[in-house]
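Q: Chains A and B, in that order, are what the protein sequence lines are.
If you read the first sequence in the working numbering, its first letter stands for residue 1, the second for the next number, and so on.
If you read the second sequence in the working numbering, its first letter stands for residue 1, the second for the next number, and so on.
Incorrect hints may have been included.
[Stated by the list, open to error] 27 Å max Cα-Cα, derived DSSO-like pairs, lysine-lysine: (1) A/K138 - B/K26; (2) B/K231 - A/K406; (3) A/K275 - B/K69.
Honestly, the hints are just simulated from the structure, not real lab data.
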Amino acid sequence: MTERIKMPLQDPIKRNLNFDEVALGFDIEQIKIEASRCLDCKNPRCVKACPVNINIPEFIKFILEEKLDDAYFSIYKDNILPAICGRVCPQETQCEGACVLGIKSKSVAIGALERFIGDYGLDNNLQINETIRNNSKKVAIVGSGPAGLACAATTRRLGYQVDIYEALHEFGGVLKYGIPDFRLPKTIVDKEISRLKSIGINFLKNIIVGKTITLDQLTQEYGYNAIFIGSGAGLPNSLGIKGENLNGVYFANEFLTRVNLMKANLFPKTPTPIKIGKTVAVVGGGNVAMDAARTAKRLGAEEVFIVYRRNMESLPARLEEIHHAIEEGIDFRLLLNPVELIGENYLLKKVKCEVMELGEKDSSGRQRPIPTNTFKTFDIDNFIIAIGQSPNPIIKKSTPNLEVDKWGRIIVKEYQTSIPSVFAGGDIVTGAATVILAMGAGKEAAIKIDEYIKST
Amino acid sequence: MYKIIAKEILNKDVDLMVVEAPLVAKNTKPGNFVIVRVDENGERIPLTVVTNDESTITIIYQKIGYSTKKLGELKVNDFIEDVVGPLGMPSVIHNVKNVLAIAGGVGAAPLYPQLVAYHKQGSKIDLILGARNEEYLILRDWFEQICDNIYYATDDGSLGVKGYVTDCLKDVLKQKKYDQAIAIGPLIMMKNVVNINKANNLKTEVSLNPIMIDGTGMCGNCRLTINNQVKFACVDGPDFPGEGIDFDELISRQSYYNDEEHVCNLKIGEKND
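Just chain A, same shape as in the assembly (with noise of 0.2 Å):
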């Protein structure tokens, strides 16, 4: 059996010099060899656990053909994004997660080839052949995030006139704002979204739903059929800690947006600046977490750790994101949990963490972290929280009769929600999670939204 071909990666000590992607992709050969790799199994495993069903034995099989045309065809079918998340999705606990490969050696590098395919769909800008039958209804997507990507480009196929309204000034939300380029160049993102463009569907941007134009307008002035709301989950959660409102204390949506959304990085050439310190701490064991410690590195902190109240083998980020982060020096402190921040001055200067033991396993099936009531405590510049996100309250607050759980998030049956003609997906709708899932749910809300559609 062939051995499973790694990724070529950019030298760990020359990355934390740059933003430019870690993961470098396979060339036209190593796609050929990995592909040979897969068993075409007949009760294919790998596409049940894809949370959008791509045909991947197809699409391998259209790789050895030397099909690459048709390969990207068969992936696009059902993913409108395959150059994003062949980088983003956590293909180990999904597609790869289940290959029958797996079990004994290395499973198919499906990640690594979905990202070859779709970069090659976009270099040659292939246009699947198809005629959209336009009728006469409309639908309005809130949040140009994966959720709202997906359900537009479906309801755009079915023939509806498709807007998507977005806040910020540019399109793709946490694909632009969240994901570093060390991990999702804005290129790629920009790419997809041009040529969601080119099948007829609208982008408006700096318009927030539920401010500019509310849910009621939308259906009363603007006469939108339906409504899918992707929003997402853009609210920070705090560690509710002394000391959280200090100077040098960053939200990791903060932290990020300045880098990614308003390019940071390159102050003073761009006017918004970001602050970085010699030693920075990141507490939060998630893909979010890693992020921001590894652009905190990037930006030129001399030490960046994270903080996290269990194990290693808890951690919830990708397995490839904490390799990476280890490669580029970022130091683990386990089984710590923040209690304090102390400044001087309203300028951060410590953290005092609890030592945490574990204990029995909780609901989550991870073992508890239990307090020791002893206490470390560490000089630093600045501190990062990264320990998740809540969906955003803005469209709930000018829509009373839309339904939320106690957390805010919309509740939903088969993604309609409490307001007939508007539906819901993504992590509005199941707090954080991800860009698959979301995009997952934005497709299939978008068959509800016909069948809704075609009720009326």
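Given the structure of chain A, go ahead and fit chain B onto it with the hints provided.
A: Same frame as chain A, but now just chain B:
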């Protein structure tokens, strides 16, 4: 792109601009603000909507930082890259008889729409307007239309009392009782006004303008502590009851990027590099 319909220079540092932004204009209420990005690579800066009609909004800005100076370089018929809003919660207009308003410098701009709302509901308004000198007292003729009494305070005594608005405030409070105060201006002014009013059992609403990025509650840069609770000025404010606010914390947060602002301002000198 958002077209500049009119521009007026109020003084050496402060301009007024009327900008075509029909969607923003339609839903704007007193107290709402917009976020403006001057050009393609611009910063996102929050500015209060001073007035609005069917299709335009009026903004007033002080050319103090890099981006506001860039904004000031634009002329009538030029375009602003991005204008988004209306943001924030509209001001709470208390149902009271006698209002005392205090504004310092360019703080007069966000104060104006609130006072219009008070005037419309029939409240009597006394205003203390302060600035470094007569030239920097803005919107005087607008306020004259809606206020019952206006007291001026200038640092150099070129108009009204020589001194700060707080000096004037102490005198005014000796003469008359008020049901509600509103103070908008530099943080240190608002802090002092709130303290004086507190001692006189007078409640004060203030309006804050901290550093923001998205303006929708996402980044948390604009957070403040009020009665030991954390609030975001962009979505919970920008208006707050002044009594519980930790002004010292806000003052320090406001100055976090002072060094960088200095670097940016140097860049304006070496233009078109």
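Q: So, for every hint listed, does it hold in this structure?
A: Now the hints, each set against the structure:
This hinted pair checks out: A/K138 and B/K26 have alpha carbons roughly 23 Å apart, not beyond 27 Å. With a C-alpha separation of about 19 Å, the suggested pairing of B/K231 with A/K406 holds against the 27 Å cut-off. The straight-line distance between the Cα atoms of A/K275 and B/K69 is roughly 22 Å, inside the 27 Å bound, and the hint therefore holds.
Hint compliance for this structure: every hint is met.
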